[in-house]
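Listed here are the chains, written in short residue letters.
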Amino acid sequence: MVHSVTTRDPAELIGRIHRETNWGFGRRTRHALASVIARAYPRVIGAAREPSWLFFDLVFPILGMCSIVFLLRSRGVDEAWIGSTILATALLSFWISVVWMMGAQFHWERDSGNLLLYITAPVGLGSIALGMAIGGALGVVIRAVIITLAGVLLFGAKYQVADPLLLMLVIVAGVAAMYSLGVCLSSVFLISGREADHLGSLLNEPMQLLGGVYAPVRSMGTVGVVALGILPLAPAIDALRQVAVPQLATTGILPVGIELVILVVMTIIFGVIGRSLLSYIERVGRSGGRLLARAD
Amino acid sequence: MPINVGAPPAVRPFGPLRGAAADAARSLVASARLAWAIEGNWAEPLYLAAFLIVRPLAFLGLFLAVLSIGGALNVSTIGFVVIGQAVFQIVSAALEGPTHALLDDRERYRTIRYIFATPSSLLPVSVGRSLVKAIIAGFSALIVIGAGVLLGVPMRAGGPDLVLLLTVLPLGLLSVVGLGIVLGGVCVQLRNDAWAYPQAVSSTVFLLCGAIFPPEVLPGPVQSLASVLPITWWIEGLRRALLGTTSPGILGAMPTSELILILAAGTAVIWLFSPRLFIAGIDRAREKGYLDRNTAS
Numbered sequence: 001m002v003h004s005v006t007t008r009d010p011a012e013l014i015g016r017i018h019r020e021t022n023w024g025f026g027r028r029t030r031h032a033l034a035s036v037i038a039r040a041y042p043r044v045i046g047a048a049r050e051p052s053w054l055f056f057d058l059v060f061p062i063l064g065m066c067s068i069v070f071l072l073r074s075r076g077v078d079e080a081w082i083g084s085t086i087l088a089t090a091l092l093s094f095w096i097s098v099v100w101m102m103g104a105q106f107h108w109e110r111d112s113g114n115l116l117l118y119i120t121a122p123v124g125l126g127s128i129a130l131g132m133a134i135g136g137a138l139g140v141v142i143r144a145v146i147i148t149l150a151g152v153l154l155f156g157a158k159y160q161v162a163d164p165l166l167l168m169l170v171i172v173a174g175v176a177a178m179y180s181l182g183v184c185l186s187s188v189f190l191i192s193g194r195e196a197d198h199l200g201s202l203l204n205e206p207m208q209l210l211g212g213v214y215a216p217v218r219s220m221g222t223v224g225v226v227a228l229g230i231l232p233l234a235p236a237i238d239a240l241r242q243v244a245v246p247q248l249a250t251t252g253i254l255p256v257g258i259e260l261v262i263l264v265v266m267t268i269i270f271g272v273i274g275r276s277l278l279s280y281i282e283r284v285g286r287s288g289g290r291l292l293a294r295a296d
Numbered sequence: 001m002p003i004n005v006g007a008p009p010a011v012r013p014f015g016p017l018r019g020a021a022a023d024a025a026r027s028l029v030a031s032a033r034l035a036w037a038i039e040g041n042w043a044e045p046l047y048l049a050a051f052l053i054v055r056p057l058a059f060l061g062l063f064l065a066v067l068s069i070g071g072a073l074n075v076s077t078i079g080f081v082v083i084g085q086a087v088f089q090i091v092s093a094a095l096e097g098p099t100h101a102l103l104d105d106r107e108r109y110r111t112i113r114y115i116f117a118t119p120s121s122l123l124p125v126s127v128g129r130s131l132v133k134a135i136i137a138g139f140s141a142l143i144v145i146g147a148g149v150l151l152g153v154p155m156r157a158g159g160p161d162l163v164l165l166l167t168v169l170p171l172g173l174l175s176v177v178g179l180g181i182v183l184g185g186v187c188v189q190l191r192n193d194a195w196a197y198p199q200a201v202s203s204t205v206f207l208l209c210g211a212i213f214p215p216e217v218l219p220g221p222v223q224s225l226a227s228v229l230p231i232t233w234w235i236e237g238l239r240r241a242l243l244g245t246t247s248p249g250i251l252g253a254m255p256t257s258e259l260i261l262i263l264a265a266g267t268a269v270i271w272l273f274s275p276r277l278f279i280a281g282i283d284r285a286r287e288k289g290y291l292d293r294n295t296a297s
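In order, the protein sequence lines correspond to chains D and B.
So for the first sequence, the numbering used here puts the first residue at 1; every next one is plus one.
So for the second sequence, the numbering used here puts the first residue at 1; every next one is plus one.
The hints are simulated quantities; they were obtained by calculation from the structure and are not laboratory data.
Virtual Cβ for every residue (Gly too), placed ideally from N, Cα, C.
No false leads were mixed into what you were given.
Anything over 12 angstroms on all C-beta distances counts as not near chain B; from chain D, calculated:
#: 1; residue: Arg8
#: 2; residue: Ala38
#: 3; residue: Thr120
#: 4; residue: Leu169
Okay, the calculated bits of chain B under chain D, using three or more residues with CB under 8 angstroms as the criterion:
#: 5; region: 43-51
#: 6; region: 54-62
The following residues of chain D were derived to be distant from chain B, with all beta-carbon distances above 10 angstroms:
#: 7; residue: Asp9
#: 8; residue: Arg143
#: 9; residue: Ala150
#: 10; residue: Lys158
#: 11; residue: Val188
#: 12; residue: Thr222
#: 13; residue: Ala249
Sequences are here, hints too, so could you generate the full structure?
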């Protein structure tokens, strides 16, 4: 009984709790970073250990890409559009990952019981979401590269990248903005019930259309301009098309530099909104427990 | 002393049906009602209607946007894509339906073991679930065709060819439901990504069946695959019934009577084998204990 907390001086106990829980900035940062790496690890390593995931992650986009390419060929359009379709499909694999592996992830974790562990663990949901985003993006890079190579080999697409650094910037900014939006989506999916799966479906084809994935966003008129300001896919694809397929540069709705700025602003805004939403959900989840109940 | 179990309980009639047929029909109706409760009752009617409208229209819009590349959209030539894309909504739902129903029951609701313990066969249960999914997708198809009409797609003068439509529609629906239950019997054996296989098959069929582009665009050997798929001829038959014109290329070269014959023969072959393959797959899954596992995939 000597070591029981009930026999200790309450003031000493309170002081100890304060010392152990009032972390400084450095310790909090290190802890958050460790949490991010821990959550990113299974996204990269786990994905590599399951070849069937890689297979299906490649088969679906490649089949979709083939459909669009054959449709374009049946209409006899400029071959530059085939190169654009291949790049768009590669970038789309990040969007699919954002919808299902970021947006829907907490919803699935709740149904499988893992969310309870996240909520009760001394780790913020923000760190977990950032880890999912970084791990997810790294995991999708290899898929995007394979899709691009497959497209080039199957359809003989050619690219003329005058500024590789700009191309990298566009891809990184586009991916960051998409995953930042994914953090917001994860909160929306979490408060959805049985609608979550259908919500995921709604974020595929409609967003591909609004994002001007296969056809220039310019063809959407005013809707396309609005999409450019709120949907990361739109400026990312538009900029990518201008940088990697110069023959289609005239189809761009805005200069690449401005689209880069839009993507950076989106990353910040969606990140802040997503962080706030997750904090709210974490608070409600810890206090009420309502968000931890299975949707079905 | 032997136990006298008495006469087996009589199966209640179901309309004009008696015996095992009545039992199967009752299971089919019950599973169809369940499928409606799952597929059509997951949201407020307004939200459900929006979902049924938005996604197929976006899908159509995506293809129309692609068709508008390199010039203005010529509505007189997009009927091919509109009908193909509309009908494929049904194909996709019917192909994926039985597998998703079986996996949902096994892994999500964990009820398949109880269904299996009842006197009902899983075959009518799966057919019922698949048919309802196909019918719901049919609403989406109608919406897509309606959007095409609003866009100015020239339809058949004097309305659809009802005789052709009523001949081709049930044949094609039966063929895709038959293929769907075969997929269900196969996928219930799988541990990893069983959910994804039907979608992979559906995406492949979409590429092959001339839904949005003529099969001539495909590489030579793949064209032969397209021509043996009943779905290719189903979509073409529906195009002829609704648009009143034949498609360009090899699809249009086939006389309508031969097209119906091929579709009927294909459907008959599918239904000759699909129930047997489904039952064999389910029996194997039961023997191996696959009906009572959760793959967490």
